[in-house]
Amino acid sequence: MKELEELKKYWIDLDKTIPRINLAEKNISNLKAILSREKLLELLPKNGIVAEIGVWKGDFSEVIIEKTSPRKLHLIDAWSSNRYNDEIRQSVEIKFKTQIKKGQIEINYGLSIDVVDTFNDNYFDWIYIDTDHSYKTTKIELEKFSKKVKPSGIIAGHDYIIGNWNGMVKYGVIEAVYEFCSKNDWEIIYITMEGKGHHPSFAIRKI
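The sequence shown begins at 1 in my numbering and counts up one residue at a time.
Mixed in with the good hints, there may be bad ones.
Claimed, not checked - Lysine-lysine pairs mimicking DSS-like chemistry, simulated, CA-CA at most 30 Å apart:
#1 Lys39 / Lys95
#2 Lys196 / Lys39
#3 Lys196 / Lys95
#4 Lys206 / Lys9
#5 Lys148 / Lys67
#6 Lys170 / Lys206
#7 Lys102 / Lys67
Just so you know, these hints were derived from the structure itself, not from any lab.
Let the hints inform the model, and build the full structure from the sequences given.
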């Protein structure tokens, strides 16, 4: 019981640190609900320069290639934890060795908020973020990568939910997206509506 109370207090204290922002009509006037992130990929620009930020085993990377035929796909990940480790990084390199050799895929090793500084401004057609889902990290990612996408570019991302109840982890993606869109005149254009076992994604662009 004590552990449960301590966890509850932790969640309440953490929640107090995350701002709550109300969106304006302009931030959702073109919003469309779609069924899945696979459908989302079908709506994103094809043959572009893109990035997947948070790769893990590269399963969604394969879907990105299949659905969008990117001219250049940057795979950004640190693979620096027990779950996301160097062995998995090596398996990703093997999985995409053909695309890496011909220059379609480039692996950029490191944390998203550090690697972002290695890219030129106005470089990406779109990016897809799937990292630690915290408010702090997502806020920084949105601020930094918004400078790296083209003026018409799209920022998309995963885990547009309040948290992972199985793991008792509070997320901050929704709050970070709301805050960023409100302060910087961006609009939410897509939200996916996955069911059991699949978390929703979002996509935003400059108004």
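Cross-check of the supplied hints:
Proposed proximity of Lys39 and Lys95 is supported: the alpha carbons are some 24 Å apart, at most 30 Å. Pair hint Lys196 plus Lys39 holds up; C-alpha atoms about 17 Å apart against a cutoff of 30 Å. As the CA atoms of Lys196 and Lys95 are separated by approximately 28 Å, the hinted pair is consistent with the 30 Å bound. Distance restraint check for Lys206 and Lys9: the Cα-Cα separation of roughly 37 Å exceeds the 30 Å cut-off, and the hinted pair is therefore not satisfied.
With a C-alpha separation of about 22 Å, the suggested pair Lys148 and Lys67 falls inside the 30 Å cut-off, and the hint holds. Taken as a hint, the Lys170 and Lys206 pair is honoured in the structure, with Cα atoms around 27 Å apart against an allowance of 30 Å. Between Lys102 and Lys67, the direct Cα distance comes to roughly 19 Å. Compliance with the 30 Å bound is thereby established for this hinted pair.
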